[in-house]
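K.L.:
Listed here are the chains, written in short residue letters.
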Amino acid sequence: MSRRSPSARLRHAPLGRRTLALALALGCSWGLVFARGTARAESTPAYRVIVHPDNPSTSLTRDFLVDAFLKRTTRWGDGETIRPVDQRADSAVRRRFSESVLQRSVAAVKSYWQQRIFSGRELPPPELDSDDAVVGYVLKHRGALGYVSGSAKLERAKVVQVQ
Amino acid sequence: MGSHLRSTDCAKRASFAWFAVRLAAWLSISIWTSTALADDDSSTQGALPVEVHGFVSQGFIKTTANNYLAKSKSGSFEFSEVGINFTKGLTDRLRVGLQLFTHDLGPTGNYRTRFDWFYLDYHFFDWFGVRVGRTKLPFGLYNESSDVDAARVSILLPQSMYPVSNRDFLLAQTGGEVYGIVPLADAGGLEYRLYGGTVFYDTADAMQAAANVKVPYIFGGRLMWQTPLEGLQLGGSLQKLRLDADLILPDAQIPNYQKAGVLPADFKNPIPIRIPALLAIASLEYSAHQLLVAAEYSRWRSALNSAVPSFTIPTVESERLYLMTAYHVNSWFTPGVYYSLYFPNASDRSGHDPAFGAVPGSPGIGRAAYQHDVALSLRYDLNQYWLLKVEGHFMHGTAGLTPTLNDNLPLSSLRQDWGVLLLKTTASF
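In order, the protein sequence lines correspond to chains X and P.
The first sequence maps to residues 1 to 163 in our numbering.
The second sequence maps to residues 1 to 429 in our numbering.
Hints in this document: simulated from the structure, not taken from any laboratory.
One or more of the hints may lead you astray.
With a straight-line Cα cutoff of 30 Å, these simulated DSS-like cross-link-like pairs (lysine-lysine) come out [said to hold, decoys possible]: (1) P:Lys62 <-> P:Lys73; (2) P:Lys88 <-> X:Lys140; (3) P:Lys73 <-> X:Lys71; (4) X:Lys153 <-> X:Lys140; (5) X:Lys140 <-> X:Lys158; (6) P:Lys71 <-> P:Lys214.
Pair by pair, the computed Cβ-Cβ distance ranges are [what the hints assert, rightly or not]: (7) X:Arg88 <-> P:Ala187: 30 to 40 Å; (8) X:Val159 <-> P:Arg93: 28 to 38 Å; (9) X:Arg88 <-> P:Tyr380: 39 to 49 Å; (10) P:Trp225 <-> X:Arg156: 34 to 44 Å; (11) X:Ala46 <-> P:Ala303: 51 to 61 Å; (12) P:Leu376 <-> X:Gln163: 36 to 46 Å; (13) P:Gln58 <-> X:Arg88: 19 to 29 Å; (14) X:Arg88 <-> P:Val56: 16 to 26 Å; (15) P:Leu232 <-> X:Gln163: 20 to 30 Å; (16) P:Phe219 <-> X:Ser100: 39 to 49 Å; (17) P:Val293 <-> X:Arg62: 21 to 31 Å.
For clarity, every value in this text was computed on a predicted model and none was experimentally measured.
The beta-carbon is built from N, C-alpha and C at its ideal position, and this holds for glycine as well.
So here's chain X without its partners, still in its complex pose (with noise of 0.2 Å):
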């Protein structure tokens, strides 16, 4: 029977059975922080995605968003117009938006945006540089659609569900 200590047995294991130790290790570290983040998440939403008090809306469809933020939609169902508001293309509430709402990377917006601005299609959304700033707009046009960190103030914007 050996009586070395747990970490000098590792030391003297062979090659084969260190890295599998070591990467279980870094499987439970990276598991722990993953779970940490998961519980973080789950308390503070990445983004929420508000609207204006008066829009009857309460939830919308990610179809719904994506239509609207690129604007192949561009009324409300009771004829307002969809003012859709962005965030800076460098935020990170912006990133988390687009890569899992739009289901496009920033940069790919960026390129939509670009063809469609300089053919003379249609012009992007104002991109405000922080939370307030779109919560400002969302409370001021009645037809507005912003999205917002977990963490921001919303004061009397209506937070809206995503399906």
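Keeping the supplied structure of chain X fixed, place chain P upon it in accordance with the hints.
P.N.:
Relative to the frame of chain X, chain P by itself:
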């Protein structure tokens, strides 16, 4: 006659330049006042100021052999584009816009400022809108944005499908367009564009051997199915046009043609010609997450009709295709690659058919019958307004070259395998 045409063109260009200056001044004032009004009305809904966007590009092109697009064998900086556009929503449904554009690419462009597009657009519903003015032609996936370097990864779009030499014919038309997206419930949506009008051709860019170049009609449409799989769209474009012109033969060559029996003894310039053309493209694009994949296949059918039989060319059908992909590695780096193929005559892809040789009985046009183009592009976005690109092409064949840039040598005598290096930087806002 030629000098008269040139002086008329100069006068037209000068008056156009003066008009452009006045327009720019008027727009600057409009923007200032509109912005001021927008600020004053910032508390109200629906303040719609003039939106201004622009871009400036400067490129460099160098080839290992053969002059391509410019005098590229020795390296050329004649590769620039500048555009600025102004768009104003007059109401939620009515919008006006215009773009001024100037460019230089080898012998074309020469920084003449022109209206790239201008329009009045009324958006009745998402499934129906009307637009009148000079509008970009929805032909294939990227024809409308082919001038805009910032809108893509590659410096040159696949030249089999979007040849820069055809820019003045294929980019925009003056007339009307109807458009819309018809929702198909769970099956996605159907985007349609139908247009008709004419193309006002700038004679300053005309071939030196042609005058009175006109496009009496152009019409067509594009139908794209936006599939339920996000980012996947496929569809097709069809375009029909006719180009009329007067072909002017150099006076010195007329006696030679007459001796050879090609021209009648009483021949006098010019030779009126008509070129009817029918163009079709099938398109597929998948753009989702970090990946872009696009592929298009096209056939262009054209003929050259003239009262002089020896200057008549029967119907020829060219074949064009490409496959392109790009991957957004991160926010600042995107590599891309494409393969593009061009056959000017789909009935003679190898160039060995003597029926299509330059002279009856010759062995065929050889390497001028095809052009294979493999391109690798690297795009660096330095920030959201400024980018740099590097691109290399390996070319096999000479079909995309022009004799006028290559000492008027026949394309079949130019170097078969050659390379292109391009560098470009673009700022846009």
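K.L.:
Run every hint past the structure and note whether it holds.
P.N.:
Hint by hint, here is what the structure shows:
Simply put, lysine 62 of chain P and lysine 73 of chain P have alpha-carbon atoms about 6 Å apart, close enough for the 30 Å limit, and the pair holds. Our distance criterion of 30 Å between C-alpha atoms is met by lysine 88 of chain P and lysine 140 of chain X, whose separation comes to about 20 Å. Among the hinted pairs, lysine 73 of chain P with lysine 71 of chain X is inconsistent with the structure: their alpha-carbon atoms are about 45 Å apart, more than 30 Å. Restraint check for lysine 153 of chain X and lysine 140 of chain X: satisfied, since their Cα atoms lie roughly 16 Å apart, inside the 30 Å limit.
Simply put, lysine 140 of chain X and lysine 158 of chain X have alpha-carbon atoms about 13 Å apart, close enough for the 30 Å limit, and the pair holds. Taking the CA atoms of lysine 71 of chain P and lysine 214 of chain P, the gap is about 28 Å. The hint holds against a cut of 30 Å. Separation of arginine 88 of chain X from alanine 187 of chain P is about 35 Å and conforms to the stated range, judged on CB atoms against 30 to 40 Å. Between valine 159 of chain X and arginine 93 of chain P, the C-beta spacing of about 30 Å keeps the proposed range 28 to 38 Å intact.
Taken as a hint, the range 39 to 49 Å is violated for the pair arginine 88 of chain X and tyrosine 380 of chain P, whose Cβ atoms sit roughly 20 Å apart. For tryptophan 225 of chain P and arginine 156 of chain X, the Cβ-Cβ distance of about 41 Å falls inside the hinted range of 34 to 44 Å, so the restraint holds. For alanine 46 of chain X and alanine 303 of chain P, the Cβ-Cβ distance of about 59 Å falls inside the hinted range of 51 to 61 Å, so the restraint holds. Taking 36 to 46 Å as the suggested C-beta distance range, the pair leucine 376 of chain P and glutamine 163 of chain X conforms, at roughly 42 Å.
About 27 Å separates the C-beta atoms of glutamine 58 of chain P and arginine 88 of chain X, a value consistent with the hinted range of 19 to 29 Å. At roughly 23 Å, the beta carbons of arginine 88 of chain X and valine 56 of chain P sit within the given window of 16 to 26 Å. In this structure, leucine 232 of chain P and glutamine 163 of chain X meet the distance hint of 20 to 30 Å, their C-beta atoms being roughly 21 Å apart. The given range of 39 to 49 Å is respected by phenylalanine 219 of chain P and serine 100 of chain X, whose C-beta atoms sit roughly 42 Å from each other.
Between valine 293 of chain P and arginine 62 of chain X the CB atoms are about 22 Å apart, so this pair conforms to the stated range of 21 to 31 Å.
Checked against the numbered hints above, the structure breaks hints 3 and 9 and satisfies the rest.
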